[in-house]
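Asker: Listed here are the chains, written in short residue letters.
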Amino acid sequence: MASHDDQLLRRPIIVVGSGRSGMNFLGRAIARHPDLVAATEPRLMWKHGNDGLSDALQPRHARPEVIARIRAQVAAFVRSNGKRRYVDVTPGNSLRLAFVDRVFPDAVYVHFIRDGVDNVLSMRRFYGVVARTLRPNRPQLRDSYLARRTRELSLRQVPGMALEAFRHVVSAWLFAAVGPPVKGVRLPGMTAMRQEIDLLDLCFLQWRSSVESAAHFGRSLPPGRYREYRIESFDEAQMRQIYAFCGLDRPEPALEYMRREFDRRRIGPALDDGFPSELDRLRLLVAPTMAWLADAVGTAPPRTPGETPS
Amino acid sequence: MTEHSSPWLSSQVQSGVRIVSVLVPRIDAAAHPREAFAASIAEALGQADRRFVLDYSRVRTIDHACGILQFTFTAGQLLQGTDSRVAACLAPGHPRRAYRFAGLAQFVPDFRSPNHAAAAVARDDYPLFQG
Chain L
1 MASHDDQLLR RPIIVVGSGR SGMNFLGRAI ARHPDLVAAT EPRLMWKHGN DGLSDALQPR
61 HARPEVIARI RAQVAAFVRS NGKRRYVDVT PGNSLRLAFV DRVFPDAVYV HFIRDGVDNV
121 LSMRRFYGVV ARTLRPNRPQ LRDSYLARRT RELSLRQVPG MALEAFRHVV SAWLFAAVGP
181 PVKGVRLPGM TAMRQEIDLL DLCFLQWRSS VESAAHFGRS LPPGRYREYR IESFDEAQMR
241 QIYAFCGLDR PEPALEYMRR EFDRRRIGPA LDDGFPSELD RLRLLVAPTM AWLADAVGTA
301 PPRTPGETPS
Chain S
1001 MTEHSSPWLS SQVQSGVRIV SVLVPRIDAA AHPREAFAAS IAEALGQADR RFVLDYSRVR
1061 TIDHACGILQ FTFTAGQLLQ GTDSRVAACL APGHPRRAYR FAGLAQFVPD FRSPNHAAAA
1121 VARDDYPLFQ G
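The listed protein sequences correspond, in order, to chains L and S.
Numbered per my numbering, the first sequence spans residues 1 to 310.
Numbered per my numbering, the second sequence spans residues 1001 to 1131.
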């Protein structure tokens, strides 16, 4: 049984990036291969045993029982879907790739990057709407946030999730007592930060921490384990590259999915989703990180995200 | 005084305040294009209107793809630098919670009814829009 599981866990494909960067599209496209199955944001699975912490888990948090639990859950997921290899799409992993690498030492990473201004505005728009309701944001209830969380929930995680759900609908004057709702990757001290700064600034911090952390770790890996792609210039040749990089044959279904689902016109409209002064400020904020991403392969990012509080 | 109306959008002046109202319970990107909303604001600006109420009080369901947040950003981009005063009116519940949570109320304050919003922007001590 264990050796069969090891086969299912061989070289998982970890799609990373900031939330709202197109990761779900990329994960679904890659997973069109008949041997693959993609899990969409199994956030609670990755937090097993570290529930009280932010998403910025360190290698020391990958204790043997944590590794065993996550690997068993992934193997069961792949097996139950009748597939042979795992694709993961969890934005929070961008903050903890060193942890992920302890769980899956032979994983390959594909980092999808979207223009920072566009990405942050999209995050603000999305998080602003979904953070203040329990209504499903997807047409199919079984695909909704609540349904997905319920499927991966362990008993120990129930109180935290109940509090999170309560924050979605509670009056704002109660935020001082219960904390405001937070969406997207959980930065260290994020609930306290949200009390002090507005949603746009918090989304910027989430974006910057995610892309810098993932790129910093990924670029330190040996060749053949990490690749970066920009959604704005993504094309079929790059999808073929990803397939070759992941050791996959038969990219045609992924290319067909891409032709059907990838609409370049949908990438830019978020640029209209801010007030002029916000756009000016945001352009200044994202510029250093975008420049570093473009130029400085192998160097430290402009600012390294903080350590996870214990 | 100019009045404009479509099946989903109305624009009318009441006591010197331009009230742009979305008349549908849910904004759909295809059926209720942002460009039409922008055109109604631009037309009012062209007629020297400088006091606005964005009336979303009939909008009951919002999503991230298209809705009151996007319309408000559109209005803000058009009103920037025009020495205008603008307020919004939102239905209680999710629309108002999301609007405030996303931080839009610090730029375009919201009120509980179009009349309250109109009374506010009609005052000379109501702040000019600084988007």
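In short, the hints are calculated from the structure, not lab data.
These numbers come from a predicted model, not from an experiment.
For each residue, glycine too, the CB sits at the ideal point set by N, CA and C.
One or more hints might be untrue.
[Stated by the list, open to error] Computed Cβ-Cβ distance ranges for the label pairs, DEER-style:
(1) A1038/S with V169/L: 28 to 34 angstroms
(2) R60/L with P1025/S: 50 to 56 angstroms
(3) L174/L with V1013/S: 57 to 63 angstroms
(4) A1030/S with P64/L: 49 to 55 angstroms
(5) G1093/S with M290/L: 34 to 40 angstroms
(6) R10/L with T1061/S: 41 to 47 angstroms
(7) R69/L with A1029/S: 52 to 58 angstroms
(8) V178/L with G1093/S: 45 to 51 angstroms
(9) S1113/S with A165/L: 29 to 35 angstroms
(10) V1013/S with A165/L: 27 to 33 angstroms
(11) S1113/S with V158/L: 39 to 45 angstroms
(12) A1119/S with M290/L: 41 to 47 angstroms
Asker: Would you mind marking each hint as holding or not holding in the structure?
Answerer: Tested hints:
A1038/S and V169/L have their C-beta atoms about 32 angstroms apart, which keeps the hinted 28 to 34 angstroms range intact. Distance hint check for R60/L and P1025/S: the Cβ-Cβ separation is about 51 angstroms, which falls inside the suggested range of 50 to 56 angstroms. Taken as a hint, the range 57 to 63 angstroms is violated for the pair L174/L and V1013/S, whose Cβ atoms sit roughly 39 angstroms apart. In this structure, A1030/S and P64/L meet the distance hint of 49 to 55 angstroms, their C-beta atoms being roughly 53 angstroms apart.
Our hint of 34 to 40 angstroms for G1093/S and M290/L holds, since their Cβ atoms are close to 38 angstroms apart. Separation of R10/L from T1061/S is about 45 angstroms and conforms to the stated range, judged on CB atoms against 41 to 47 angstroms. At roughly 42 angstroms, the beta carbons of R69/L and A1029/S sit outside the given window of 52 to 58 angstroms. Under the hint 45 to 51 angstroms, the C-beta atoms of V178/L and G1093/S, about 19 angstroms apart, miss the expected range.
The beta-carbon spacing between S1113/S and A165/L, approximately 30 angstroms, falls within the hinted interval of 29 to 35 angstroms. For the hinted restraint 27 to 33 angstroms between V1013/S and A165/L, the CB-CB distance of approximately 44 angstroms leaves it violated. Between S1113/S and V158/L the beta carbons are some 40 angstroms apart, a value that agrees with the proposed interval 39 to 45 angstroms. Between A1119/S and M290/L the CB atoms are about 45 angstroms apart, so this pair conforms to the stated range of 41 to 47 angstroms.
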